[in-house]
Amino acid sequence: METLINDFSPGLFIVQTILLLGLILLLVKFAWKPILNSLNEREEGITNALEAAENARKEMQNLQADNDKLLKEARAEREAMLKEAREIKDKLISESKEQAKIEGDKIVLQAQAAIESEKKAAMADIKSQVAELSVAIAEKVIKQELSNKEKQLKLVDNLLGDIKLK
Amino acid sequence: MKKASTYFSKLITTLILLTVATGFSNSESDKEGQVDTSDEIKEYINHHIKDSHDFHLFSYSNDAGERKHIGFPLPIIVWSSEGLVTFMSSAFHHDDKGEIIVEKNGTKFAKLHSKIYELNSGESSITFDEEEHASNASKVLDFSITKSVVGVLLVGLLMLLAFSSLGRQYKNKKVPTGFGRVLEPLVLYVRDEISRPNIGEKHYRKFTGYLLTVFFFIWILNLLGLTPFGFNVTGQLAVTACLAIFTLVIYTFSGNKDYWMHILWMPGVPYLIRPVLAVIELAGALIIKPFSLLVRLFANISAGHIVVMSLIAIMFTLKETLGVAGATLLSFILSFFITLIEVLVAFLQAYIFTMLSALFIGMAVAEHDHDHAHDENTNEVVDAEDVRENFL
Chain C
1 METLINDFSP
11 GLFIVQTILL
21 LGLILLLVKF
31 AWKPILNSLN
41 EREEGITNAL
51 EAAENARKEM
61 QNLQADNDKL
71 LKEARAEREA
81 MLKEAREIKD
91 KLISESKEQA
101 KIEGDKIVLQ
111 AQAAIESEKK
121 AAMADIKSQV
131 AELSVAIAEK
141 VIKQELSNKE
151 KQLKLVDNLL
161 GDIKLK
Chain F
1 MKKASTYFSK
11 LITTLILLTV
21 ATGFSNSESD
31 KEGQVDTSDE
41 IKEYINHHIK
51 DSHDFHLFSY
61 SNDAGERKHI
71 GFPLPIIVWS
81 SEGLVTFMSS
91 AFHHDDKGEI
101 IVEKNGTKFA
111 KLHSKIYELN
121 SGESSITFDE
131 EEHASNASKV
141 LDFSITKSVV
151 GVLLVGLLML
161 LAFSSLGRQY
171 KNKKVPTGFG
181 RVLEPLVLYV
191 RDEISRPNIG
201 EKHYRKFTGY
211 LLTVFFFIWI
221 LNLLGLTPFG
231 FNVTGQLAVT
241 ACLAIFTLVI
251 YTFSGNKDYW
261 MHILWMPGVP
271 YLIRPVLAVI
281 ELAGALIIKP
291 FSLLVRLFAN
301 ISAGHIVVMS
311 LIAIMFTLKE
321 TLGVAGATLL
331 SFILSFFITL
341 IEVLVAFLQA
351 YIFTMLSALF
361 IGMAVAEHDH
371 DHAHDENTNE
381 VVDAEDVREN
391 FL
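In the order they appear, the protein sequences are chains C and F. Residue 9 in the working numbering sits at position 9 of the first sequence; the count goes up by one each step and never skips. Residue 199 in the working numbering sits at position 199 of the second sequence; the count goes up by one each step and never skips.
Next comes chain C alone, as it looks inside the complex:
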C-alpha cells in the first residue's frame, strides 16, 4: 500500500486529467457527435425504409384484393347479363310463339268465318241457280209437255219428289 501511494504521481494525474478532458471534448466535438448523429440518422432511415416497404406491400395487397374484387364483380355482372339476355330471349321466343298462335288462331277463325260465309253465299247462289235452272227446266218441260196434260202433271210430281233441300 505504501509503495502504491509512493508510486502515485500527482503531476501525472494532473497532466492526465488535462489531456483526458481535452481528448473527451475534442472527440465529442469532432468524432462522437457526427458519428452518433449519422448512425442515428441512418438507423432511422433504415427503419423508415422498412416501414415504407411494409406499407407498400400492404398497399399492394390491398390493390390485389381490390383487383380480385373488381374481377369477381365483373364476372358476376357478366353472368347476370348473360342470364338476363337468356331470359329475355326465352321470353321473346315464348311471347312470339304465343303471339303467333293467337294470330294463327285468329286467322283460322277468320278463315273459318270466311269459309262459312262463302259457303252460305255459294249455297244461296246454288239455290238461286237451282231455282233458276228449275224454273228454266220447268219452263222447257212445261213448254214441251204442255201438250200432254197428264204427262205434265206426272213430270211435275216426279220433279218435285226428287228435289230435296239439304
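Honestly, the hints are just simulated from the structure, not real lab data. Computed from a predicted structure; not experimentally measured. Misleading hints may appear alongside valid ones.
Pair by pair, the computed Cβ-Cβ distance ranges are [unchecked claim]:
no., chain 1, residue 1, chain 2, residue 2, range
1, C, E43, F, H93, 34 to 40 Å
2, C, A56, F, S254, 41 to 47 Å
3, C, L4, F, L318, 51 to 57 Å
4, F, K42, C, E43, 50 to 56 Å
5, C, Q61, F, L161, 49 to 55 Å
We put the CB at the ideal spot given by N, CA and C, even for glycine.
Fit chain F to the given chain C structure using the hints.
Frame of chain C, contents of chain F only:
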C-alpha cells in the same frame, strides 16, 4: 498474432541481450545495467512497471564493454521551490538511483526510482535513511512529458485522427469505407452493448461520448502496453485514478433526486437504520465505486505486465537447471500464451471499466419508481433497472 510476433521480436532482443550478458559476465565492472539474477530481474520489472522519464528501448554492452542505451530523452517539467524548471531527461544519464545531481535554476534535482527529487538547499548528494528513503530531498510536482504522457498523447492523437476521419466520412456517404468500416462496429458495440442497456434509452445519448472515449483510450493503451515499446500507461495509478474520478464526477453530478434520496435517506427502511445506510451508501458511491474502478484496471494491467516479464525472465532464472535452449523454449511457450491472454485482458479491462462506468451512471440517472413505466402498448419500457436486474 501480431502482438505475439512483436513479443517474439522483444524476445529476440532479450535473447541477444542474454548472449551479450553471458559473454561479458566475467568482469564485474561490465555488469552494470545488465539483468541477470532474480534480484536484478525483480528490480527491472519493478522499474518497468513504473513511469519513466526517458523513452528507453533496449540496452546492450558494446565490444569495448561499455553499456549503451538505445532510446531518446523526454522533457522534464517540474514545479520546484524556485518555480517551474524544465530540462531534458538525458541530463540524468539513465541514472535512477539518485547518484547524478542536476543543477538547474539554483535547485538541485536527482532521479530516484522514477521520481524526481529536489535536494534541500545546501545539500550536494542524496542521503538515505534506514528504509532507503531519501532523507534530505523532497518530491516535486512532476509535470514531465513522461513515457506515459507520450503514450497518452500518442493514443489521443491516434483516436482523434481515426475517429474524426470516420466522423467526416458520414458527411458524404451513409456507410463508411476503409478503416472506418472497422471502427464503426466498435462504436456501435460500445453504444448498443455498453451505453444503451446500462444507462437506459432515455439518457444514454449524453454519456455515450465519454464512454466511447474511455473505452478506446483504455483499450488502445492496454494493447500498446503489450508492444515492445513497453508502455504501461493503464498500469499507472495516476492514470486509472484520473479515469475513475472522471466517472465519479460524471455520475455524481448527473445523479437525479431519486439517486440522492436512495443514498441519503433510503425509503422503505426503518428510520433508525437510514443514517447508517446513508453512511454506507455515501462511502459506496464516493469511495468504493471509483476505487474499485481504479484498482481493477491498475492491478490487472500491472499484473499482466509483471507476469509476461517474469515468464520472459524464465530464460535467465532457469538457465542453470534447464540449459539455455530449454529455458528459452519454456519461456517462449509460456510468455506466448500468456500474451495471447493479455490481448484478451486488454479488451476485457477496457470493456469492464466502460461497462461499470455506464452502470454507475445508469444507477444515478435511472428513474427509481417501482411501478415501471409503460408505453402506449402497455409493454414495459426496458429501463436501466430491469437491465441491471437481468444482469445480476
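Hints versus structure:
no.: 1; hint: C:E43 / F:H93: 34 to 40 Å; in the structure: violated (58 Å)
no.: 2; hint: C:A56 / F:S254: 41 to 47 Å; in the structure: holds (43 Å)
no.: 3; hint: C:L4 / F:L318: 51 to 57 Å; in the structure: violated (30 Å)
no.: 4; hint: F:K42 / C:E43: 50 to 56 Å; in the structure: holds (53 Å)
no.: 5; hint: C:Q61 / F:L161: 49 to 55 Å; in the structure: holds (51 Å)
Hint check: violations occur at hints 1, 3; the rest are consistent with the structure.
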